[in-house]
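Visitor: Based on the sequences and whatever the hints tell you, model everything.
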Amino acid sequence: MKTIAIIGLGKWGKNHVRNIVRLQSEGFCDKVVICDQDKEQLESIGNVNNIPNENRYDDLDKLLKNEKLSGAVLAIPTTIHKEIALQVLEHCDILLEKPLAPTVEDCQEISEKAKEMNRIIQVGHLERYNPVVVTLKTFLEKESTEDKIMHITGRRVGPGPMKLDSKDLDPNYLGCGHDFMVHDIDVVNGLVGKIPKKVTATACYIEGFPYEVELLAIFEYEGFKGQNTNPILFDCRATWRAYPNLKRRKLIVQTTKDVMTLDFILQSIIMEKGLAQHSLSKTFSDYLGAYRATEVTSHFLAAGKDQEPLYLQDKDFLSCIDTRKKPLVSDKEGTDAVKCIVAAIEAAKTGKAVEIK
1 MKTIAIIGLG
11 KWGKNHVRNI
21 VRLQSEGFCD
31 KVVICDQDKE
41 QLESIGNVNN
51 IPNENRYDDL
61 DKLLKNEKLS
71 GAVLAIPTTI
81 HKEIALQVLE
91 HCDILLEKPL
101 APTVEDCQEI
111 SEKAKEMNRI
121 IQVGHLERYN
131 PVVVTLKTFL
141 EKESTEDKIM
151 HITGRRVGPG
161 PMKLDSKDLD
171 PNYLGCGHDF
181 MVHDIDVVNG
191 LVGKIPKKVT
201 ATACYIEGFP
211 YEVELLAIFE
221 YEGFKGQNTN
231 PILFDCRATW
241 RAYPNLKRRK
251 LIVQTTKDVM
261 TLDFILQSII
271 MEKGLAQHSL
281 SKTFSDYLGA
291 YRATEVTSHF
301 LAAGKDQEPL
311 YLQDKDFLSC
321 IDTRKKPLVS
331 DKEGTDAVKC
341 IVAAIEAAKT
351 GKAVEIK
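Residue numbers (the working numbering): 1 to 357.
In short, the hints are calculated from the structure, not lab data.
Worth double-checking, as some hints may not be accurate.
Stated by the list, open to error - BS3-like mimics (lysine-lysine), calculated; alpha carbons at most 25 angstroms apart, straight line: (1) LYS115 x LYS332; (2) LYS197 x LYS250; (3) LYS115 x LYS357; (4) LYS197 x LYS357; (5) LYS68 x LYS326; (6) LYS315 x LYS273; (7) LYS332 x LYS31; (8) LYS352 x LYS198; (9) LYS326 x LYS82; (10) LYS325 x LYS137; (11) LYS352 x LYS82; (12) LYS82 x LYS65; (13) LYS65 x LYS113; (14) LYS250 x LYS326; (15) LYS142 x LYS194; (16) LYS305 x LYS31; (17) LYS194 x LYS137.
Unchecked claim - Simulated restraints on C-beta separations: (18) THR261 x GLN108: 22 to 28 angstroms; (19) GLN87 x ALA353: 24 to 30 angstroms; (20) GLU26 x GLN108: 32 to 38 angstroms; (21) ASP147 x GLY351: 34 to 40 angstroms; (22) ASP38 x ASP306: 47 to 53 angstroms; (23) LEU310 x GLU105: 37 to 43 angstroms; (24) MET1 x GLN108: 30 to 36 angstroms; (25) GLN87 x GLU143: 43 to 49 angstroms; (26) PRO159 x THR79: 18 to 24 angstroms.
Using N, Cα and C, we set each Cβ at its ideal position, and we do this for glycine too.
Guide: Here's what the structure looks like:
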């Protein structure tokens, strides 16, 4: 029997439950069990998803003792990722919410445990499963012989996990680098096919909270062959300094021929090719007429339950359990993303460029 546990039923955990229960109904697993120390949350999520009472646990040790697990989704605070991951890896494969861990050392310890136990680790960088990211990557690979990435801009704006003016700031949270920017650096690492060489950065802080609430970083990647060693630059801004109703999740990729603007939320891509004319204009009207792209193509992908990135990610995890294939985002990619974020935070604190190895 293929039994999947969801451990942690907070903001993301409850969404994992919804998707894993759906996957159970589609035949991808046989049994779903859930676990959370908050008994009210446990009852609420269990009732909404029709989880039998005997499949609900408020004690992780009891769950691990009673159930023979095939896999577990860990949707828990990043600060306890290592502790819980090491415990659960003794029993089954895991899908661990991003980031893999707060530090590179913690990431490596989790990876070593997985290797020792012959377990699969998938890291919850769900944007890799976003259909617009898949579409963009396919386009870039198709055009790669003639068109090269020059520059990428990332903007991830939102209110964050807590009110920044609150006196009750949860110490379990890390900063916006681990929460927000880690998404975009993982996506770009995937698009470019490597990790950056170095990073410079600056950050904003607020009184009473030890971590950054805004991080602006410039990552430098080695250029592709034939670019005369010119680097690929990725400037990325992640910020919690926004009202609750303000969210922005965009990536702009400039190649030698095109500019592509990707919206993660709307699942859209706008592709612009070069100017129709490139010449001096006699009048302002002539200038405006010339300043238009040769071609603008908008792609709005069909959004629906089958295109939800979290569903696609969870489905892939269940498949990896059966096939033993390497996940799209394994502990290797998860560790690479944490390396980049840790380096950016260090660069912001020191005011100096930091190498990433």
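Visitor: Hint compliance check: list the failing hint numbers for this structure, sorted ascending.
Guide: 6, 7, 11, 14, 18, 19, 22 and 23
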